[in-house]
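Full structure from sequences and hints, please.
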Amino acid sequence: MSRDSNYDHHISIFSPQGRLYQMEYAFKAASSSSGLTGVAVRGADSCVVVTQKKVPDRLMDPTSVSHVHSITSKIGVLVTGLSADCRAQVQRARYEANDFRFKYGYDIPVHVLAKRIADIAQVYTQSASMRPLATVCLLIGVDDERGPQVFKVDCAGHYLPFYAAASGAKEQEAVNFLEKKVDDMKGYDLDQTVRAAIMCLGTVLGSDFRGNEIEVATVQGTGGKFTVMSVSDIEGHLNAIADDADA
Amino acid sequence: MASSGSGYDLSSSTFSPDGRIFQVEYAAKAVENAGSALGLKCRDGVVLCVEKPIPNKMLLPNSSRRIHTVDTHSGVAVTGFVSDGRQVINRAREEAANYFETYGSKIPPTVLADRMGSYVHYFTLHGSLRPFGATSLLASYDPETNDASLHMIEPSGVSHSYFGCAAGKGRQPAKTEMEKLALHKPAAEENITVREGIRQLARMVHAFHDDGKDKP
Numbered sequence: 001m002s003r004d005s006n007y008d009h010h011i012s013i014f015s016p017q018g019r020l021y022q023m024e025y026a027f028k029a030a031s032s033s034s035g036l037t038g039v040a041v042r043g044a045d046s047c048v049v050v051t052q053k054k055v056p057d058r059l060m061d062p063t064s065v066s067h068v069h070s071i072t073s074k075i076g077v078l079v080t081g082l083s084a085d086c087r088a089q090v091q092r093a094r095y096e097a098n099d100f101r102f103k104y105g106y107d108i109p110v111h112v113l114a115k116r117i118a119d120i121a122q123v124y125t126q127s128a129s130m131r132p133l134a135t136v137c138l139l140i141g142v143d144d145e146r147g148p149q150v151f152k153v154d155c156a157g158h159y160l161p162f163y164a165a166a167s168g169a170k171e172q173e174a175v176n177f178l179e180k181k182v183d184d185m186k187g188y189d190l191d192q193t194v195r196a197a198i199m200c201l202g203t204v205l206g207s208d209f210r211g212n213e214i215e216v217a218t219v220q221g222t223g224g225k226f227t228v229m230s231v232s233d234i235e236g237h238l239n240a241i242a243d244d245a246d247a
Numbered sequence: 001m002a003s004s005g006s007g008y009d010l011s012s013s014t015f016s017p018d019g020r021i022f023q024v025e026y027a028a029k030a031v032e033n034a035g036s037a038l039g040l041k042c043r044d045g046v047v048l049c050v051e052k053p054i055p056n057k058m059l060l061p062n063s064s065r066r067i068h069t070v071d072t073h074s075g076v077a078v079t080g081f082v083s084d085g086r087q088v089i090n091r092a093r094e095e096a097a098n099y100f101e102t103y104g105s106k107i108p109p110t111v112l113a114d115r116m117g118s119y120v121h122y123f124t125l126h127g128s129l130r131p132f133g134a135t136s137l138l139a140s141y142d143p144e145t146n147d148a149s150l151h152m153i154e155p156s157g158v159s160h161s162y163f164g165c166a167a168g169k170g171r172q173p174a175k176t177e178m179e180k181l182a183l184h185k186p187a188a189e190e191n192i193t194v195r196e197g198i199r200q201l202a203r204m205v206h207a208f209h210d211d212g213k214d215k216p
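Keeping their order, the protein sequence lines are chains A and B. Taking my numbering, the leading residue of the first sequence gets 1, the next gets one more, and so forth. Taking my numbering, the leading residue of the second sequence gets 1, the next gets one more, and so forth.
Derived by calculation from the structure, the hints in this document are not laboratory data. Keep in mind that a hint or two might mislead.
Okay, derived cross-link-like pairs now, EDC-like style, lysine to aspartate or glutamate, Cα gap no bigger than 20 angstroms in a straight line [stated by the list, open to error]:
1. 106/B - 142/B
2. 225/A - 107/A
3. 106/B - 94/B
4. 225/A - 243/A
5. 115/A - 144/A
6. 29/B - 44/B
7. 28/A - 9/B
8. 180/B - 57/A
9. 103/A - 144/A
10. 175/B - 57/A
11. 54/A - 179/B
12. 54/A - 179/A
13. 28/A - 190/B
14. 52/B - 190/B
15. 225/A - 143/A
16. 225/A - 189/A
17. 186/A - 99/A
18. 28/A - 18/B
Coverage of chain B stretches by chain A, computed from C-beta distances (three or more under 8 angstroms per stretch; other residues unrestricted) [stated by the list, open to error]:
19. 6–19
20. 124–137
21. 173–183
Glycine is no exception: its CB is placed at the ideal position from the N, C-alpha and C atoms.
Here's what the structure looks like:
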């Protein structure tokens, strides 16, 4: 390990041990820089993304702080990582989705968009002059042919469909929680999916939330639109979770 | 933690082992040491204020402006390397002009802030470029919503909308003062007007300005 020359730490070339250090560091930046955790869950006919809403500065306008974005009216994404990189990632995804619609005449399916973002990310890991974007994307949408889809795309250009996925600081704990519920998730309706995602986040962060401390977004049903949930709806779910816990 | 850089700080396209991009952090430091720029979103508009250190008594008083017009409805105050700031502003002017030409209406504040953020961010991606050592405060009016907004675009390319923001040397005392003004309560009656905002910002700058440290 100590035989690694210094150059492989600086640009995207292989170390003698076959590692790409810059890519590994990009992962570190993606998971730890924002301190947030994101969770995505797929149900029987819907998918959900949930993350914390931390406004770092009281003087900041809270409506301008969001990690959940729509790419098309039917596909949404939760991006975690370096803020400016996240923004660039969303811009590019929107461009790619619209370009696809223009060229082929129909809306881009989730898995095609995921692959496109992943392929672009891969190029950055193979070029010396550009660094990888330190972001992890959780894409959600309901595909016409395949039903609800959750895709996780990371800095290395991996993209995989998931029943449930997590990203960010507490990714591992979230995944442990989700693994226990994965068999039940396949039959969940929208409300159950939302609550599973919120409960996962709550357990992993060890705290209860108020409605304005988390962001929730959903897509439901074939042709369903990507919708960001209002604070009052979130509170409805939080209350339902609390009631279930008391019962 | 390799916090001193030690080889990972030579280009924008290098992550450090703990996932930081030092060049971007250093660019932010360049802003921290420069003359302050403050912005306040008041109930009837936005106020921008820039502390303009006078390095040389021979300078003409009204030269070397730090607040620039981007469009008839937008202005930007810049701090840090002012020459870097000029590039960002030139780009903002192009974006605004282009938008009007393409869509026939004035560029909305959020779109302009996003474009400026994307532009600044681009320079943090390539190894052959360096980040801008400048933070821009964008004050802009949106005719659709009939509301003005204040955005701050940092050297990393991050941009947010603010009720009050400050960059440069005096940002800490300025932000403390701004929080006392309770700007985050948007109720129209409680919020201050632009007239009052000008006085408040002038008061803040006066409080922390240090003549002895007049360097641009």
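How the hints compare with the structure:
| no. | hint | verdict |
| --- | --- | --- |
| 1 | 106/B - 142/B | holds, 8 angstroms |
| 2 | 225/A - 107/A | holds, 12 angstroms |
| 3 | 106/B - 94/B | holds, 12 angstroms |
| 4 | 225/A - 243/A | violated, 29 angstroms |
| 5 | 115/A - 144/A | holds, 17 angstroms |
| 6 | 29/B - 44/B | violated, 33 angstroms |
| 7 | 28/A - 9/B | holds, 16 angstroms |
| 8 | 180/B - 57/A | holds, 13 angstroms |
| 9 | 103/A - 144/A | holds, 19 angstroms |
| 10 | 175/B - 57/A | holds, 10 angstroms |
| 11 | 54/A - 179/B | holds, 18 angstroms |
| 12 | 54/A - 179/A | violated, 26 angstroms |
| 13 | 28/A - 190/B | violated, 44 angstroms |
| 14 | 52/B - 190/B | violated, 31 angstroms |
| 15 | 225/A - 143/A | holds, 11 angstroms |
| 16 | 225/A - 189/A | holds, 16 angstroms |
| 17 | 186/A - 99/A | violated, 33 angstroms |
| 18 | 28/A - 18/B | holds, 6 angstroms |
| 19 | 6–19 | holds (count 12) |
| 20 | 124–137 | holds (count 5) |
| 21 | 173–183 | holds (count 4) |
Comparing the model with each numbered hint stated earlier shows that hints 4, 6, 12, 13, 14 and 17 do not hold.
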